[in-house]
Amino acid sequence: MSIWEYANPVKFMKTSSLVLPWVVGLAAIAMVVGLVWGFFFTPEATNFGSTVKVIYVHVPSAMMAINIWAMMLVTSLIWLVRRHHVSALAAKAAAPIGAVMTLIALITGAIWGQPMWGTWWEWDPRLTSFLILFLFYLGYMALWGAIENPDTAADLTGVLCLVGSVFAILSRYAVNFWNQGLHQGATLSLDEKENISDVYWFPLLFCIAGFILFFVALVLLRTRTEIRARRLKALEQRERMA
Amino acid sequence: MSLLAVEGLCVSRGGLPVLEGLSFAVAPGEALVLRGPNGIGKTTLLRTLAGLQPPLAGAISMPPEAMAYAAHADGLKSTLSVAENLGFWASVYATHDIEPALERMNLVALRDRAAMSLSAGQKRRLGLARLLVTGRPVWVLDEPTVSLDVASVALFADAVRGHLATGGAALIATHIDLGLAEARVLDLGPFKAKPPEEGGFKGHFDEAFG
Amino acid sequence: MIALLMRDLRLAVRAGGGFGLGLAFFLIVVTLVPFGVGPQGEVLARIASGILWLGALLACLLSLDRIFALDFEDGSLDLLTTAPIPLEGIVAMKALAHWITTGLPLVIAAPVFGLLLHLPGPAYFWLIVALGVGTPALSVLGSFGAALTVGLKRGGLLMSLLVLPLYVPTLIFGAELVRRGAEGMATEVPLMMLAGITAAVIAVVPFASAAAIRINLR
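From first to last, the protein sequence lines are chains A, B and C. Take any residue in the first sequence, note its place counting from 1, add 176, and you have its number in this note's numbering. Take any residue in the second sequence, note its place counting from 1, add 68, and you have its number in this note's numbering. Take any residue in the third sequence, note its place counting from 1, add 60, and you have its number in this note's numbering.
There could be a bad hint or two in this list.
[What the hints assert, rightly or not] Straight-line Cα separation of at most 27 Å, DSS-like style, residue types lysine-lysine; simulated pairs:
1) B:Lys260 with A:Lys409
2) C:Lys213 with A:Lys409
3) A:Lys409 with A:Lys187
4) A:Lys409 with B:Lys262
5) A:Lys187 with B:Lys262
6) A:Lys190 with A:Lys409
7) C:Lys213 with B:Lys191
Bear in mind the hints are in silico, worked out from the structure with no lab data behind them. Computed from a predicted structure; not experimentally measured.
Here chain A stands alone, though its shape is the one from the complex (with noise of 0.2 Å):
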């Protein structure tokens, strides 16, 4: 039994129906635990004082905007090597849900910069990066919404997200040479000195899990609604040419 089984739109659909509720119950269960222990059970930074509860969404949010697109990039590969229907459906799913995540991230950034460092936007690297990469997510998206055949829009939006994926990292790399900027480095990392400290990190891990869980629910969701989508359509088209 290969992995490429779970590609076909029947398998699909039947093992995603009995996930789904799994997937979305256990999201759920994250996202309020890691949440309410985060915002009401984690005391006050010494010197970043409340602001800092932002972090149990804003690096959550952060995270998922950056590994949809390489998730997006996966999916778009297997659908250019292999023609599998799903996976580029599912790369047509993810869309949209990194771009919110992206603007998450970013919303969340300018209320956390405001009182951090006295301003709503500033030009840091970081902060830029995550502009153009919405910007990608918008371009991505609309260049779906402007084909109507399914088949070429796959095609075409697979190409632009290998080259996009190419161009996004290269200005992630332009960006940090333009400009050094006030974002602090990586707090995550595995090495315990460099971590923030334990009180802080538990419930990030599952604000993490859950924004993962609560992207995966979503995905199976909207990849269900295409697959259904693509369903109605060839029917009807099959209609028109009878």
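Using the hints provided, position chains B and C relative to the given structure of chain A.
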């Protein structure tokens, strides 16, 4: 030995099959006329043969660099003259001599006119003259006689005959009688793709709901 | 391929103002900027290289949507695809023709526009270098956007959304090169990066554009 052979070909438009189980061969000196009602998939078939879209199933065998394709649109640039339009294609196909083609299609007097000032029929003649400068043996023609008058149709039929006489082959989708007595006719009607209920090709999403 | 280049150049000239139109657009941008930010020389001098780069970006973008669309509409793209030239070569030649008609005139005329914007003395040389090295990448990347949207009726705005993010690295390094040159700082790094991006784009992107055109013609 055939110039163009098609075996069990299935072609699709917009992801759905339109023609299936198509097999035929065209030998040097032979013309094959494709017939069928609108929407049966003549253009789709010719585009597939021209390599513009992949077939859903089946095989097309043709020597490399043997085919010249002419579509509905002639691909003329309205600001270039007749000679410049033709000369461009002659250098793309590295044949460089446009005089015989101009003569054959009765365009010598028009050679310095801009393509935008030509009538529809004259444009079509220029589009067909392009085939002559390609120097390719297999012509794949989609409705070549649209907007041609009776005299020009005869001119075109002569050009095809001349092409066949030099060992070329032609595949022509058309509704009208070209006056090519020697051409074989293939009716595409029987090859219309069957819906999946009758055992035709299944789309990727047909089985999604059992 | 040379024949294709000559044909495209000839078409651009016959269509009226193939060379002049981009320049006229550039002139308008340069004229409007002082109205927006005020006529003070020191303000203009600071933003001059950025404005010139943005002008180049927009001039390039506005002329791009027709690069394949015209050939698509009159059927020559179908015929070119079945011609004995590889489609990658066709795309590269069309991008080159586009650069010769829009990028090159901008590079040549940039010092004049720099004068209007009080560009500081040492920056002129670097402006020409930066535009000369960077604008070919703009044309090639633009041809990718045009190839993606060739089948669409109203692809212009969508194409801008697709192409402009791809211009970010070129813009950053191009503008940085001019700024450092003007201030007498070391220019090797941005120059190398700019040239590297252009070289990589020219080498790789035509394959993506050709793939996009094949998909669109299907």
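Hint check:
Annotation: proposed proximity of Lys260 of chain B to Lys409 of chain A holds, straight-line Cα distance about 21 Å (limit 27 Å). Simply put, Lys213 of chain C and Lys409 of chain A have alpha-carbon atoms about 22 Å apart, close enough for the 27 Å limit, and the pair holds. Distance check on the hinted pair: Lys409 of chain A and Lys187 of chain A sit about 20 Å apart at the alpha-carbon level, within 27 Å; holds. With a C-alpha separation of about 18 Å, the suggested pair Lys409 of chain A and Lys262 of chain B falls inside the 27 Å cut-off, and the hint holds.
Straight-line distance between C-alpha atoms of Lys187 of chain A and Lys262 of chain B comes to about 26 Å, which keeps the hinted pair within the 27 Å bound. This hinted pair checks out: Lys190 of chain A and Lys409 of chain A have alpha carbons roughly 21 Å apart, not beyond 27 Å. Pair hint Lys213 of chain C plus Lys191 of chain B holds up; C-alpha atoms about 25 Å apart against a cutoff of 27 Å.
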